[in-house]
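Participant: Each chain, written out:
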Amino acid sequence: NAGVMQNPRHLVRRRGQEARLRCSPMKGHSHVYWYRQLPEEGLKFMVYLQKENIIDESGMPKERFSAEFPKEGPSILRIQQVVRGDSAAYFCASSPSYGTGAYEQYFGPGTRLTVT
Amino acid sequence: KNEVEQSPQNLTAQEGEFITINCSYSVGISALHWLQQHPGGGIVSLFMLSSGKKKHGRLIATINIQEKHSSLHITASHPRDSAVYICAVRYGGATNKLIFGTGTLLAVQP
Numbered sequence: 002n003a004g005v006m007q008n009p010r011h012l013v014r015r016r017g018q019e020a021r022l023r024c025s026p027m028k029g030h031s032h033v034y035w036y037r038q039l040p041e042e043g044l045k046f047m048v049y050l051q052k053e054n055i056i057d058e059s060g061m062p063k064e065r066f067s068a069e070f071p072k073e074g075p076s077i078l079r080i081q082q083v084v085r086g087d088s089a090a091y092f093c094a095s096s097p098s099y100g101t102g103a104y105e106q107y108f109g110p111g112t113r114l115t116v117t
Numbered sequence: 044k045n046e047v048e049q050s051p052q053n054l055t056a057q058e059g060e061f062i063t064i065n066c067s068y069s070v071g072i073s074a075l076h077w078l079q080q081h082p083g084g085g086i087v088s089l090f091m092l093s094s095g096k097k098k099h100g101r102l103i104a105t106i107n108i109q110e111k112h113s114s115l116h117i118t119a120s121h122p123r124d125s126a127v128y129i130c131a132v133r134y135g136g137a138t139n140k141l142i143f144g145t146g147t148l149l150a151v152q153p
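For the protein sequence lines, the chains are A and B, in the order given. No gaps in the numbering here: position 19 of the first sequence is 20 in our numbering, and each next residue is one more. No gaps in the numbering here: position 65 of the second sequence is 108 in our numbering, and each next residue is one more.
In isolation and in its complexed conformation, chain A is listed as follows:
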């Protein structure tokens, strides 16, 4: 059973370009969380999604950031018109929707975004 997959692992974008980060949850998991780790800072919650639904987006910046988790395919975190301050490691985690492990979150390896 493969773990949480994220791609790309490293992404370089110029200011003003779009960044698309992908997360494939563990098999059988229908809950996805995105977290951001800015340089020299701790992890911060961004958004929590279930299939086709955004449950909590209280940590998402109001502009330029969006997330989706379609019925088929990976979850996507999209950053439009990137700025240098978006440079960070973006981690995805997933959890199952029921059972004793319902609240355990399994983390992906992260995508390191560098904006030049």
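Hints were generated in silico from the structure; no laboratory data involved. There may be inaccurate statements among the hints.
[Unchecked claim] Taking lysine-lysine pairs in the DSBU-like style, the calculated list, with each CA pair at most 35 Å apart, reads:
#, chain 1, residue 1, chain 2, residue 2
1, B, 98, B, 111
2, A, 45, B, 111
3, B, 111, A, 63
These numbers were taken from a predicted model, which means no experiment stands behind them.
Assemble the complex: chain A is given as a structure, and chain B must be docked to it using the hints.
Facilitator: What follows is chain B alone, placed relative to chain A:
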């Protein structure tokens, strides 16, 4: 003030020492997680606790709900334990989001 406070921020130990990392939080939670992150690396979940104590190998995690405090202990520390240890809390309700502490950077010297 951060909702989740960890101490110490940095810790250097000699191989074989017993290590304790502390985590305090300000309001009631439904669960507390301990995570491990190696420099430049991914994040591994070590424990999820809602009460009492859990043990896995040389790692022990405890939580005191009344005092809003948790500790992570490493027995017989080894250089491969060198990493950042992160405490995170979950409040429950409709969201399962985690609120993280700032982490403790542990260096175990041979």
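Participant: Each of the hints needs a verdict: does it hold here or not?
Facilitator: Do the hints match the structure? See the list:
1. Under the criterion of a C-alpha separation no larger than 35 Å, the hint pairing residue 98/B with residue 111/B is consistent with the structure, at around 20 Å.
2. A threshold of 35 Å between alpha carbons decides the hint, and for residue 45/A with residue 111/B the separation of about 21 Å falls inside it, so the pair holds.
3. Taken as a hint, the residue 111/B and residue 63/A pair is honoured in the structure, with Cα atoms around 32 Å apart against an allowance of 35 Å.
The earlier numbered hints are all upheld by this structure, with none contradicted.
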